[in-house]
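Asker: Quick note on my numbering: the sequence shown kicks off at 1 and runs consecutively.
Check before you lean on any hint, since a few could be wrong.
[To be verified] Distance windows between CB atoms, simulated:
#1 K48 with Q193: 27 to 35 Å
#2 P95 with K161: 38 to 46 Å
#3 A187 with T84: 20 to 28 Å
#4 P42 with S141: 15 to 23 Å
#5 V106 with E29: 14 to 22 Å
#6 K48 with T172: 22 to 30 Å
#7 N19 with G164: 32 to 40 Å
#8 N64 with R99: 28 to 36 Å
#9 P62 with T143: 49 to 57 Å
#10 N116 with T84: 55 to 63 Å
#11 P42 with V101: 49 to 57 Å
#12 N175 with D36: 25 to 33 Å
#13 I180 with T74: 32 to 40 Å
[Claimed, not checked] Here are the simulated lysine-lysine pairs, DSSO-like style, with alpha carbons at most 27 Å apart:
#14 K43 with K31
#15 K88 with K142
#16 K20 with K159
#17 K161 with K142
#18 K31 with K20
#19 K159 with K142
#20 K20 with K48
#21 K142 with K163
#22 K31 with K48
#23 K177 with K88
#24 K88 with K43
#25 K48 with K33
#26 K20 with K43
#27 K163 with K88
#28 K20 with K177
#29 K48 with K88
#30 K48 with K177
#31 K33 with K43
What the hints contain is simulated information worked out from the structure, not anything from laboratory work. On a predicted model such as this, the values are computed, not experimentally measured, just so you know. Cβ atoms here follow ideal geometry from the backbone N, Cα and C, with glycine treated the same way.
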Amino acid sequence: MYSRGYGLETTALSSTLFNKGLTCGACFEIKCKLADSRWCFPKAGSIKVTATNLCPANPARPTNNGGWCNPPRTHFDLSYPMFTRLAKAVGGIIPVQFRRVPCVKVGGIRFVMNGNPWFNLVLVYNVAGAGNVVNMQMKGSKTNWFTMRQNWGQNWELKQKLKGQSISFRVTLGNGKVIIANNVAPANWNFQQTFESDSNF
């Protein structure tokens, strides 16, 4: 994630927030609850992070003692640099206030083409606005639109042979907004290549 432009401003989410990967890519503003924790820095203000991963549940531990990411708890597993902007590292777990905020990104939506000639696995990232993609469609220059299936997080799969065709994507966010990236990949595209749309949310 660091190399894809997210830097250290990332968080993993408990399953309650992660929503089976459909919240992946969303952005949050987080504050430490100063009145509820002696570890909060009084002048820390807030941080903004992008959700990039799942914090797995630990059913063997109670939610208030090691099972911090167990449902129904809402929990953010922050990178160390982001946590220590809010509170002392020794605090470990701190109470927070949070809210969804629009994601601000530089450049267009990016699509990483993975898979093989019969199986397309596309990672979509650098998505502005609501940030979280909830539906993806893929189209070759010689085909109609195909609805993709979420594989994991923001990796979307399609079992169609589209090699040798220019590729378009229709991206739908959690707030219902849609962008069509027409012919974002040329007909001579290859797997492991990344392509960027001209527009973003």
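Asker: All hints are to be evaluated individually against the structure, with a verdict given for each.
Answerer: Quick rundown of the hints versus the structure:
1. K48 with Q193: 27 to 35 Å: 30 Å, holds
2. P95 with K161: 38 to 46 Å: 52 Å, violated
3. A187 with T84: 20 to 28 Å: 48 Å, violated
4. P42 with S141: 15 to 23 Å: Violated, at about 58 Å.
5. V106 with E29: 14 to 22 Å: At roughly 19 Å between Cβ atoms, E29 and V106 fall inside 14 to 22 Å, so the hint holds.
6. K48 with T172: 22 to 30 Å: 23 Å, holds
7. N19 with G164: 32 to 40 Å: 36 Å, holds
8. N64 with R99: 28 to 36 Å: For R99 against N64, whose Cβ atoms are near 24 Å apart, the range 28 to 36 Å is violated.
9. P62 with T143: 49 to 57 Å: 51 Å, holds
10. N116 with T84: 55 to 63 Å: Check failed, 43 Å falls outside 55 to 63 Å.
11. P42 with V101: 49 to 57 Å: 23 Å, violated
12. N175 with D36: 25 to 33 Å: 31 Å, holds
13. I180 with T74: 32 to 40 Å: 34 Å, holds
14. K43 with K31: 11 Å, holds
15. K88 with K142: 57 Å, violated
16. K20 with K159: 21 Å, holds
17. K161 with K142: Given that 27 Å is the threshold and the Cα spacing comes to 11 Å, the pair holds.
18. K31 with K20: Answer holds: K31 to K20 is near 25 Å, not above 27 Å.
19. K159 with K142: 16 Å, holds
20. K20 with K48: With a Cα-Cα distance of about 22 Å, the restraint between K20 and K48 holds, given a limit of 27 Å.
21. K142 with K163: 11 Å, holds
22. K31 with K48: 9 Å, holds
23. K177 with K88: 39 Å, violated
24. K88 with K43: 12 Å, holds
25. K48 with K33: At roughly 15 Å apart (the allowed maximum being 27 Å), K33 and K48 satisfy the hint.
26. K20 with K43: 35 Å, violated
27. K163 with K88: 51 Å, violated
28. K20 with K177: Status holds; Cα separation ~20 Å.
29. K48 with K88: Holds: K48 and K88 sit about 18 Å apart, inside 27 Å.
30. K48 with K177: 22 Å, holds
31. K33 with K43: 12 Å, holds
Violation of the numbered hints given earlier is confined to hints 2, 3, 4, 8, 10, 11, 15, 23, 26 and 27; the remaining hints are satisfied by the structure.
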